[in-house]
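Those protein sequence lines, which keep their order, are chains A and B.
Numbered by this note's numbering, the letters in the first sequence go through residues 15 to 165 in order.
Numbered by this note's numbering, the letters in the second sequence go through residues 4 to 138 in order.
Hint data in this document are derived by calculation from the structure and do not stem from the laboratory.
Every value quoted in this text rests on a predicted model; they were computed, and no experiment measured them.
There's no promise every hint is true.
Unchecked claim - The following label-pair restraints were derived from C-beta to C-beta distances:
1) B:40 with A:29: 21 to 29 Å
2) B:125 with A:82: 35 to 43 Å
3) A:38 with B:125: 18 to 26 Å
4) A:88 with B:52: 19 to 27 Å
5) B:93 with A:135: 31 to 39 Å
6) B:10 with A:82: 46 to 54 Å
7) A:56 with B:25: 31 to 39 Å
8) A:95 with B:9: 41 to 49 Å
9) B:22 with A:121: 32 to 40 Å
10) B:12 with A:61: 27 to 35 Å
11) B:12 with A:131: 38 to 46 Å
12) A:24 with B:102: 33 to 41 Å
A virtual CB, placed ideally from N, CA and C, is assigned to each residue, including glycine.
Residue-level listing of the chains:
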Amino acid sequence: MVDQSAVGRSFTPVTARVEPGRLRYFLNTLGEENPTYRDADAARAAGFTGMPVPPTYLFCLEMMDVDDPFEMFSALGIDLARVLHGEQSFVYHAPVLVGDTLTFRPRVASVTDKKGGAMTLIGIRCEVTNQDGVHVADTARTIVVRNEVAS
Amino acid sequence: MASADIKAGDRIVHKVFPPITRHTLALYCGASGDHNPIHVDIDFAKAAGFPDVFAHGMLVMAYLGQALTDAVPPSRLRSFATRFVAITQLGARLTCEGTVTELFAENGERRARLALTARDDRGEVKLEGSAIVAL
Numbered sequence: 015m016v017d018q019s020a021v022g023r024s025f026t027p028v029t030a031r032v033e034p035g036r037l038r039y040f041l042n043t044l045g046e047e048n049p050t051y052r053d054a055d056a057a058r059a060a061g062f063t064g065m066p067v068p069p070t071y072l073f074c075l076e077m078m079d080v081d082d083p084f085e086m087f088s089a090l091g092i093d094l095a096r097v098l099h100g101e102q103s104f105v106y107h108a109p110v111l112v113g114d115t116l117t118f119r120p121r122v123a124s125v126t127d128k129k130g131g132a133m134t135l136i137g138i139r140c141e142v143t144n145q146d147g148v149h150v151a152d153t154a155r156t157i158v159v160r161n162e163v164a165s
Numbered sequence: 004m005a006s007a008d009i010k011a012g013d014r015i016v017h018k019v020f021p022p023i024t025r026h027t028l029a030l031y032c033g034a035s036g037d038h039n040p041i042h043v044d045i046d047f048a049k050a051a052g053f054p055d056v057f058a059h060g061m062l063v064m065a066y067l068g069q070a071l072t073d074a075v076p077p078s079r080l081r082s083f084a085t086r087f088v089a090i091t092q093l094g095a096r097l098t099c100e101g102t103v104t105e106l107f108a109e110n111g112e113r114r115a116r117l118a119l120t121a122r123d124d125r126g127e128v129k130l131e132g133s134a135i136v137a138l
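From just these sequences and the hints, can you work out the full model?
Dropping the structure here:
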C-alpha cells in the first residue's frame, strides 16, 4: 500500500511535442468541430498566434509518447487494475499551441487513506512549461487506489 | 456568450453528446495515450471486478470541455476542474451543462465561476466540476 513516504516523490520529466496529426485524431474522436481548434484563421481571429489545444489535451500529452505512461504506478507498486481517476484540474497560464514542446514535471503531493484503508487517494501535481521556459499550466489529479483488504 | 449582461444563475453551457460506444473507447484509447486496458479489454475489466469496460473519466471531461468552449472562447478559460463522481457506462448519452455561480474580479479582469455537470440519459451525475472564465 502507498504510504506517506511517497509524498514529494517526483518522476521522470516528460517532454511532448504538440503534433497536428495526433491532435486532429483527438478532435475527430470527440466530434470536436470548433473552428478555433481546426482552422488557423479562426484561431487567429480568436486571439491565438497559432492553433490552440482543447482544455483537457494536456493530460493526453503527458502520456502519449512516453515509454511507460504508467511509470508512476509501477514505481509506487500500484496495480493498474485497482486504479480509478478521482479528480482532475487544470489551471491555464498561457496558450498551448500546435508545434510547442512541453515539459511535464509530475510529483506526489499527497497520500490519504479512506474508508479504513480500503482506498488510498494519491494527489499528483504537475507543472507544465513550454520550449521558451514559459510556465503554461499546472495540472493536478487524484488517483483512487482500491486496496486489497482481507475480509 | 454575451459577457456584459451575464449574471449568477444563468445556464450558459448545454450540449448533448451521442451515446458512448466501444468504438469511441477504442479510438479515445489511441487518441489520448491512455492505454489502460480496463477501458477497452472486457477480459481485463472483468478480472478487475467490473461487469464490462467503461468510459475513461477523461473522455467525459473532454466532452464537458467541448461543451464549455462551445459557450466560452478557449482564450478566456482560466481553469477547469472536475470530480469523477460515478463510472460512465457504455451507451451513456451525456448532457453537459454549466451555470454561472459567481462573478468576481481577479488578476485585473472580470471573471465568472461556472458550476459544471455531465449527466447520463437517466440523469445520473457522472462528473461535477467548475471552471473560471474571463468575461
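Taking the hints in turn, this is what the structure says about them:
1. Here the CB-CB span from residue 40 of chain B to residue 29 of chain A is close to 26 Å, well matched to the stated 21 to 29 Å.
2. Between residue 125 of chain B and residue 82 of chain A the C-beta distance comes to about 38 Å, which sits within the given range of 35 to 43 Å.
3. Evaluation of the 18 to 26 Å hint for residue 38 of chain A and residue 125 of chain B yields a failure: the beta carbon distance comes to about 33 Å.
4. Take residue 88 of chain A and residue 52 of chain B: their Cβ atoms lie about 21 Å apart, and the range 19 to 27 Å holds.
5. Range check, residue 93 of chain B to residue 135 of chain A: Cβ separation about 27 Å, and the 31 to 39 Å hint is violated.
6. A beta carbon spacing of about 48 Å between residue 10 of chain B and residue 82 of chain A agrees with the range 46 to 54 Å that was offered as a hint.
7. The hinted window of 31 to 39 Å between residue 56 of chain A and residue 25 of chain B holds, with their beta carbons roughly 33 Å apart.
8. In this structure, residue 95 of chain A and residue 9 of chain B meet the distance hint of 41 to 49 Å, their C-beta atoms being roughly 45 Å apart.
9. For the hinted restraint 32 to 40 Å between residue 22 of chain B and residue 121 of chain A, the CB-CB distance of approximately 38 Å keeps it satisfied.
10. Distance hint check: the CB atoms of residue 12 of chain B and residue 61 of chain A are about 28 Å apart, consistent with the given range 27 to 35 Å.
11. Here the CB-CB span from residue 12 of chain B to residue 131 of chain A is close to 42 Å, well matched to the stated 38 to 46 Å.
12. Hint check: residue 24 of chain A to residue 102 of chain B, Cβ distance near 38 Å, so the stated range 33 to 41 Å holds.
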